[in-house]
Amino acid sequence: GAGVSQSPSNKVTEKGKDVELRCDPISGHTALYWYRQSLGQGLEFLIYFQGNSAPDKSGLPSDRFSAERTGGSVSTLTIQRTQQEDSAVYLCASGYNEQFFGPGTRLTVL
Amino acid sequence: KQEVTQIPAALSVPEGENLVLNCSFTDSAIYNLQWFRQDPGKGLTSLLLIQSSQREQTSGRLNASLDKSSGRSTLYIAASQPGDSATYLCAVYSSASKIIFGSGTRLSIRP
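Going down the list, the protein sequences come from chains A and B. Every position in the first sequence, counted from 1, becomes a number in this note's numbering once 1 is added. Every position in the second sequence, counted from 1, becomes a number in this note's numbering once 40 is added.
Watch out, some of these pointers could steer you wrong.
[As the list claims (entries may be wrong)] Straight-line alpha carbon distances no greater than 27 Å define the calculated DSS-like cross-link-like pairs of lysine-lysine that follow:
#1 B:41 x A:58
#2 B:41 x A:12
#3 B:41 x A:16
#4 B:82 x A:18
No wet-lab data here; the hints were simulated from the structure. Remember, it's a predicted structure, so these values are computed and weren't measured experimentally.
In isolation and in its complexed conformation, chain A is listed as follows (with noise of 0.2 Å):
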């Protein structure tokens, strides 16, 4: 495609669900990030995917989340049993050596 893509744009949740967000990347990207912004924050690194290495999961804040990549395409990320400090806007990138982001997602927990 042409840009990096992520869905859906907004997603409101109640505590204690479980939220599924999608990363699109751009066509032909190996190298695909996921970031947390909190509100007037700034971001925070969650994981790296890098071809069909093991990805770097060193970011993430808690065992409540996880991310695949299937198929060095498409990501998506995985938060469990959701709690209200899970709010923030959740980015993802592609690129290698250079990033470009996707608009976000908005993650509101209830």
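Given the structure of chain A, go ahead and fit chain B onto it with the hints provided.
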């Protein structure tokens, strides 16, 4: 551990002024440095990428410089316009997977 700092956190200037945004980093062994802008409620838009072997990059009214030895990068905006109002973020690549973002400078251009 790489730390990236952007000062000031916020800046307001009248339209037409030239201005400089600063980004400093603690570890000079960097791979690349990238400047982004972020509009409220939006994702990040890439402005300029400086590779470690380069000293500066230019795009239109924007010029970014890199001085690895002093751990600094600057983003120069010429003839500022209200449409330049946004948050500007710098990102330091210690490797392809280790990218540290500054907390940004919120820029406001007054008409």
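Going down the list of hints, with the structure as the test:
1. B:41 x A:58: With a Cα-Cα distance of about 18 Å, the restraint between residue 41 of chain B and residue 58 of chain A holds, given a limit of 27 Å.
2. B:41 x A:12: violated, 34 Å
3. B:41 x A:16: Given that 27 Å is the threshold and the Cα spacing comes to 35 Å, the pair is violated.
4. B:82 x A:18: holds, 25 Å
In this structure, the hints that do not hold are numbers 2, 3, in rising order.
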